[in-house]
Amino acid sequence: MAALLGRSCRKLGFLSSGHGARRSVSTETGKSLNLYSAINQALHIALDSDPRSFVFGEDVGFGGVFRCTTGLAERFGKNRVFNTPLCEQGIVGFGIGLAAMGNRAIVEIQFADYIYPAFDQIVNEAAKFRYRSGNQFNCGGLTIRAPYGAVGHGGHYHSQSPEAFFCHVPGIKVVIPRSPREAKGLLLSCIRDPNPVVFFEPKWLYRQAVEEVPEHDYMIPLSEAEVIREGNDITLVGWGAQLTIMEQACLEAEKEGISCELIDLKTLLPWDKETVEASVKKTGRLLISHEAPITGGFGAEISATILERCFLKLEAPVSRICGLDTPFPLVFEPFYMPTKNKILDAIKTTVNY
Amino acid sequence: MALSRLSSRSNGIARPFSAAFNRFISTDTTPITIETSLPFTAHLCDPPSRSVESSSQELLDFFRTMALMRRMEIAADSLYKAKLIRGFCHLYDGQEAVAIGMEAAITKKDAIITAYRDHCIFLGRGGSLHEVFSELMGRQAGCSKGKGGSMHFYKKDSSFYGGHGIVGAQVPLGCGVAFAQKYNKEEAVTFALYGDGAANQGQLFEALNISALWDLPAILVCENNHYGMGTAEWRAAKSPSYYKRGDYVPGLKVDGMDAFAVKQACKFAKDHALEKGPIILEMDTYRYHGHSMSDPGSTYRTRDEISGVRQERDPIERIKKLVLSHDLATEKELKDMEKEIRKEVDDAIAKAKDCPMPEPSELFTNVYVKGFGTESFGPDRKEVKAALP
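Residue numbers (full-length UniProt numbering), protein chains in the order written: chain P, 1 to 353; chain H, 1 to 389.
Hint data in this document are derived by calculation from the structure and do not stem from the laboratory.
Fair warning: this is a prediction, and the values are worked out from it, not measured in the lab.
Beta carbons: idealized from backbone N, C-alpha and C, even for Gly.
Please note that a few of the clues may not be correct.
Simulated restraints, written as ranges between beta carbons of each label pair [said to hold, decoys possible]:
no., chain 1, residue 1, chain 2, residue 2, range
1, P, Lys281, H, Tyr368, 50 to 60 Å
2, P, Lys313, H, Asp354, 54 to 64 Å
3, P, Lys282, H, Ala232, 31 to 41 Å
4, H, Phe205, P, Ser49, 37 to 47 Å
5, P, Glu274, H, Ser298, 36 to 46 Å
6, P, Leu307, H, Ser239, 49 to 59 Å
7, P, Phe119, H, Ser239, 21 to 31 Å
DSS-like mimics (lysine-lysine), calculated; alpha carbons at most 30 Å apart, straight line [stated by the list, open to error]:
no., chain 1, residue 1, chain 2, residue 2
8, P, Lys342, H, Lys238
9, P, Lys78, H, Lys238
10, P, Lys342, H, Lys145
The following residues of chain P were derived to be distant from chain H, with all beta-carbon distances above 10 Å [what the hints assert, rightly or not]:
no., residue
11, Gly30
12, Ser32
13, Asp59
14, Glu74
15, Arg132
16, Gln136
17, His216
18, Leu222
19, Asp272
20, Lys281
21, Arg309
22, Leu330
Turn these sequences into a full structure, and let the hints steer you where they fit.
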């Protein structure tokens, strides 16, 4: 129930700008776009600016199942924007080869849940290519895009958040945007980054999130976290769609007099330890929230690192509000999800420790 | 007493029906020979004969069960639109002949494993309408206790291994089941079903190689409905002759809209698999609905194509014509049968709607084997809230 309300709240007042330190791009106005349109714009710009870039994957030709690739095939031709057969391992392997020849291969995996057949290619081939060839070869032009995350009724195989698996692999980068404006800038940075990148897009926000997105070509730097809401009592760290839920919890906590600082990590690998560390040194408390199951989730890495760096400044144990240690359920989704109330509960427990 | 033979066929389905139908349903098992509509095309084997042994009981049974399957899928469509079924729902209408023909050729000891378009296969394996609708709506009485949903139907006592979401992943599983059957000397086979989209997955060929190497009684069945989601087969596969893709493994191409062709092919395949090893069957079939309920099904194919297939190749119409031409029932009787079926389906839906949702504690059950012991903490990780069973 709470999850349903939480979800409908996403439509209104999306992560409001104006809180906390913002970059210059965020004050620019632009067209009101939703997430898939912003990503679409980024892809158009990427293909336009580099004639050696390609977009391919299952069903991308007609626009893709989430419409992120609309208009690309018509504009750039079927030689650059094309459909592949149903074989994730083949698609990514093919992308690595293409990138190794100096092209920008923008691969779409239809749902992050289907990325596992390609896991070997990403971990063993893409991540280690530059390393094992002594910098003779690299597949830096590879960007893998996949929709991830819960959508309300996705069930076991349309809702997973596999970011933790990829954060464990040195050699690739993992990036997750929280909103349309961020997505466009981050995606362009990922495509132009000289390292292979896995870019997870929160599918829940494809239509729900609407924001003003500048129309020109702009990039948001990778490995820089952003403080999207300033506070003094507790630091909250998250990424992607979960941030909206966390912001709601922050607003509720404020009514009870708790001032929360909310950080969007954006890039999970390599992640911006300094920003989080500075924030925790200020507040003395940390709460991490993500949809993926708690055991072995990326929150564990953040927790361990912050503990090392800020041990004496911590007033309370690091709190993690995450998905449960079960397969992503079907009817039980509202129980599984890290909801606003669970986060609020944890904020209060941590502050009153 | 003659009628009871019919009702023992599939549990839960035939019982109310046979009571109401007062004209003698022919439970005649005197053989009728039916010619398949098209000859079989074979690869590395001799095709079976086009003459299929059947009986009036079987003909009527085919009609009834296929009409039931069709009605069930249409009802699921309405339930999905009414938001009683959430998540994903992949409907099988148009492809019923594959499910029914396969069942007619095998026993419950032979295993079937398929992808997510599994409602009718489950019904064919002996599942009840109540279990189907309950599972679709996520209720306790569902075959997977409401935890699986549309894509994950299973029935262990009929060797139905489901119900899988990841495309192509079920085929190596099926070959493993076949290995177990051979090892245990069960004289049974496994049918691993997959679609034309999945036919391009690497793991399929890995499993095929292993099955051929070890002579496993695995039958790989490609349900070729010509579209992998929205991608036509010629755009995804260099060789859309899926029955030939086994290369060194024999194959048979079958008209999947003709239940008797399917039955003959499956019987042939079972004999082959028990004796010689794997074989590929390609069922040339068609789905009327889109890939799933989120797909209108008309953006990548014309309405003319869909209605053309419906007019010329509809599996139920074909059986109906056979029933009428062999004078086993009149038009009116068949219409009455369809009305009965409609009522049966509506009753099952009403009963399923009344069924409760699974208990919240079920969220944690069956993650591991019972008694393995894992703890679940409250939101702040400080307090042990429950021990996972």
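Hint by hint, here is what the structure shows:
Range check, Lys281(P) to Tyr368(H): about 40 Å between beta-carbon atoms, so the 50 to 60 Å window is missed. Between Lys313(P) and Asp354(H) the CB atoms are about 57 Å apart, so this pair conforms to the stated range of 54 to 64 Å. At roughly 58 Å, the beta carbons of Lys282(P) and Ala232(H) sit outside the given window of 31 to 41 Å. Under the hint 37 to 47 Å, the C-beta atoms of Phe205(H) and Ser49(P), about 39 Å apart, fit the expected range.
Distance hint for Glu274(P) and Ser298(H): a CB-CB separation of about 53 Å, inconsistent with the stated range 36 to 46 Å. The hinted window of 49 to 59 Å between Leu307(P) and Ser239(H) holds, with their beta carbons roughly 57 Å apart. For Phe119(P) paired with Ser239(H), a C-beta distance near 28 Å keeps the hint of 21 to 31 Å intact. For the given pair, Lys342(P) sits about 52 Å from Lys238(H) by alpha-carbon distance, which is inconsistent with the 30 Å threshold.
A distance of roughly 17 Å separates the Cα atoms of Lys78(P) and Lys238(H); the hinted pair therefore holds under the 30 Å criterion. This hinted pair checks out: Lys342(P) and Lys145(H) have alpha carbons roughly 27 Å apart, not beyond 30 Å. For Gly30(P), the non-interface assignment is confirmed: its Cβ lies about 30 Å from the closest Cβ of chain H, beyond the 10 Å cut-off. Distance check on Ser32(P): its Cβ is at least 25 Å (rounded) from any Cβ of chain H, clearing the 10 Å threshold; non-interface status holds.
Consistency note on Asp59(P): stated as away from chain H, yet its beta-carbon is not over 10 Å from all of that chain's, at 6 Å minimum. Distance check for Glu74(P) against chain H: the nearest CB is about 15 Å away, which clears 10 Å, and the non-interface claim stands. With a cut of 10 Å on Cβ distances, Arg132(P) stays outside the contact zone with chain H, its closest approach being about 23 Å. Consistency note on Gln136(P): stated as away from chain H, and its beta-carbon is indeed over 10 Å from all of that chain's, at 28 Å minimum.
At roughly 33 Å, the least C-beta separation between His216(P) and chain H is larger than 10 Å, which holds for a residue marked as non-interface. Separation of Leu222(P) from chain H is adequate, the least Cβ-Cβ distance of about 31 Å exceeding the 10 Å criterion. With a cut of 10 Å on Cβ distances, Asp272(P) stays outside the contact zone with chain H, its closest approach being about 25 Å. In this structure Lys281(P) is separated from chain H by more than 10 Å, as the shortest Cβ-Cβ distance comes to about 22 Å.
Distance check on Arg309(P): its Cβ is at least 21 Å (rounded) from any Cβ of chain H, clearing the 10 Å threshold; non-interface status holds. Its closest Cβ contact with chain H, about 5 Å, brings Leu330(P) to no more than 10 Å, contrary to its assignment away from the interface.
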